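Read off the chains here:
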Amino acid sequence: MSGQASGAGAGRPLNILIVDDSAMMRMMIKRVTTLCGVPIGEIYEAGNGRDAIAMLEAHKVDALFTDINMPVMTGTELLRAIEQDGRWRDLLRVIISTDGSAARRAEADELHVRLYVEKPFRPEVMRDVLSELATSA
Amino acid sequence: MTSSVNLRRVPDTAEHWDAVAVALTEVAENSFFAFVDPVETEAAAEFAAGLESWLVATVVFSGAFGGTMKMAVAEPLARELFGAFLGLDPSESPEDGALFDLVGEFGNMVCGSWLTRSCQRRRFDLEHPVVERVAGDAAIDWEAVRPLALNGQPAWLHLEFGE
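Residue numbers (our numbering), protein chains in the order written: chain A, 10 to 146; chain B, 25 to 187.
Think of the hints as simulated: they come from the structure by calculation, not from any bench.
Only a predicted model underlies this, so the values are computations on that prediction, with no experimental measurement involved.
Possibly wrong hints are sitting among the right ones.
On the chain A side, residues computed to face chain B include the following (Cβ under 7 Å) [claimed, not checked]:
hint: 1; residue: Ser31
hint: 2; residue: Ala32
hint: 3; residue: Met33
hint: 4; residue: Met34
hint: 5; residue: Met36
hint: 6; residue: Met37
hint: 7; residue: Thr107
hint: 8; residue: Ser110
hint: 9; residue: Ala111
hint: 10; residue: Ala112
hint: 11; residue: Arg131
hint: 12; residue: Glu133
Ideal placement from N, C-alpha and C gives every residue a C-beta, glycine not left out.
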């Protein structure tokens with residue numbers, strides 16, 4: 010069923026979409042994700058919010074990891090678009106950003122962001138995030 | 025390759041300079057497994073002598089206060105950090121695009137970490153980092169920057185507040 014959050018559940022590996030304008034940061038998140046011991050299915054990547062929406066429409070994605078400051082379409086704009094589209098109601102949303110201000114966190118809460126990770130982060134933080142997502146998917 | 029670095033001296037903003045240096049230290053340790061040491065201004069030019077090139081990341085910020093942060097690292101150091109960040113063999117030499125991307129993200133993390141603490145509850149925005157290669161013998165006003173050693177190699181920070 011394309012274009013919908015798939016609802017991992019029952020120990021099925023999580024399909025993840027990593028959205029960041031830095032290819033090196035995407036590579037690092039991908040590497041940490043695959044090393045942390047939580048079952049991971051497909052890992053998709055996008056360099057901005059607009060490309061992320063195209064990926065969501067084309068693939069089954071359980072969890073979204075998005076940066077905030079990106080060209081073309083920011084992470085906040087992406088999350089607003091997801092919020093307004095019923096197809097992705099169950100999508101688990103995580104922000105990974107250098108901006109950890111209270112103002113941003115409050116905005117994230119309004120957009121149903123489940124977890125907020127500040128860059129830089131230690132690998133064990135990502136392991137904890139994925140473990141929490143895996144149990145709630 | 026740019027042959028000079030245009031830096032303007034800033035007013036008394038010691039608190040911010042210290043905070044951004046702390047942010048750089050934390051980012052270096054957490055993301056690159058690298059360690060930062062201070063370098064005396066008087067010793068900075070000699071410390072950087074013989075360097076072929078710098079990679080300089082410029083990040084423009086706005087919000088509660090606006091300005092520009094520059095973070096420069098010796099190019100060999102940037103290549104070393106690349107391997108550490110991605111868990112690659114140090115002998116692997118990245119293409120310029122990947123290297124510049126990494127240095128930009130490093131600068132982005134430093135600026136974002138600093139502003140998260142400095143702005144507290146207030147919102148701020150960061151523009152996409154711009155990275156350029158600067159000749160190692162380019163004239164640098166060492167009085168206007170914060171010289172540092174990162175894994176024993178030259179680096180510096182500069183802050184400019186304004187629009």
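Now for the hints, and whether the structure bears them out:
no.	hint	verdict
1	Ser31	4 Å, holds
2	Ala32	6 Å, holds
3	Met33	4 Å, holds
4	Met34	5 Å, holds
5	Met36	6 Å, holds
6	Met37	6 Å, holds
7	Thr107	2 Å, holds
8	Ser110	5 Å, holds
9	Ala111	4 Å, holds
10	Ala112	4 Å, holds
11	Arg131	6 Å, holds
12	Glu133	11 Å, violated
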